[in-house]
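Keeping the supplied structure of chain S fixed, place chain F upon it in accordance with the hints.
Heads up: the protein sequence lines correspond to chains S and F, in order. If you read the first sequence in the working numbering, its first letter stands for residue 1022, the second for the next number, and so on. If you read the second sequence in the working numbering, its first letter stands for residue 1022, the second for the next number, and so on.
Don't take each hint at face value.
Same chains, same names: a pair is fine if it fits in one copy or spans any two.
Listed next, the in silico DSS-like pairs over lysine-lysine satisfying Cα-Cα at most 30 angstroms (straight line) [claimed, not checked]: (1) Lys1226 with Lys1186; (2) Lys1070 with Lys1226; (3) Lys1063 with Lys1224; (4) Lys1070 with Lys1171; (5) Lys1063 with Lys1226; (6) Lys1063 with Lys1171.
Everything labelled a hint here was simulated from the structure, so no lab data went into it.
Number of protein chains: 2
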Amino acid sequence: MSMKGKLGYSILAMSIGAVLASYSVAQMSTDKYSRPAMTAAKGAVLNDKGETSIPEGFRLWSFIGAPLTPNGLNDGAAGFPEFHHVYIQPEALQEYLETGVFPEGTTIVKELVLLQEGEYEDGSRDEPSGRGFFADRFAGIDMMVKDSEKFAETNGWGFYNFGHKEPPYATVASPAPADSCAGCHMANADFDMVFRRMYPILKEK
Amino acid sequence: MSMKGKLGYSILAMSIGAVLASYSVAQMSTDKYSRPAMTAAKGAVLNDKGETSIPEGFRLWSFIGAPLTPNGLNDGAAGFPEFHHVYIQPEALQEYLETGVFPEGTTIVKELVLLQEGEYEDGSRDEPSGRGFFADRFAGIDMMVKDSEKFAETNGWGFYNFGHKEPPYATVASPAPADSCAGCHMANADFDMVFRRMYPILKEK
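For reference, chain S alone in the conformation it holds in the complex:
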């Protein structure tokens, strides 16, 4: 994260609320994605327009799974290259595991992660653990936020794209049009707009 990126983020944070701004200042000296206050796993904060930012420290949240769509198996250009590291706030996951319901405000972040250079056409390589696929570097962020009132038209969830490229990511994003991310989830997801069938921990409920 460049200083410019940090500065831009702080300015944005101040513009959407004093609470978030003070949190951002407290965190300015650290990487905002990786190092949250351990007690704060706050989901996304939306402004009146529905815009939001990537939540602080999501990489220390809980993890539900890492679907993999290698470029090498998708004509060199997967729709979501390549690992999809999917994170959720620990509190929201715990509530889901207890009740079977994602609480309002649940924020799920999907970070795209490119593979280490392949030794085979499919993008796989040999490592001591076997032939397979191994992560190299972060390369994009999508996010979904549950707000049944604000996003009633897309089954209660808003979708955001902060760029499918290496960091720095966009500092703010507007809700994606209903016919992009939400449309696919509405057509194909199997539980409350989430592809639960791909996440073993969610299937336990």
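Chain F only, in chain S's frame:
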């Protein structure tokens, strides 16, 4: 987790310490892997023989990566089938990100996860997000614990195997022989016995 498994775990817990036993009792009505008290991300607790159990609630810990070695690319029998979901206590990860050092007691859990049925020889299948590999079910636990004194002969880490099969997992494990897990990590890992090069979040430090 069967009732028998829960009971076995509770008996074990009582045998290795009152603190852990009381914690286990408090958790008896919930799945011990998925639902910790959110304030307690305790690493492994070793007894005098170096034996230990799978820590409560590790699936809500932080996540560092999910290397994938499909059976379909490893003669039908990968050494570690297939996704390796790798978890670490949030506090240990945060300390690492601040200092570049894994603190004493750091516990890293690798849960093996079998893939959904493949539609191609390599084990991949088509989903709305593309052709790729998608998790289905948990199927094994390996764990490494940092204790520089107790495991001085294996570069400060002890290794444990709770079974490479679907749950219920073994309720207790002894440190693996030095020539098994530790030997490979000593020969091939690139940072303090960890394959840091495969985990983007660790490479940021």
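* Tell me, which hint numbers fail for this structure? -> 2
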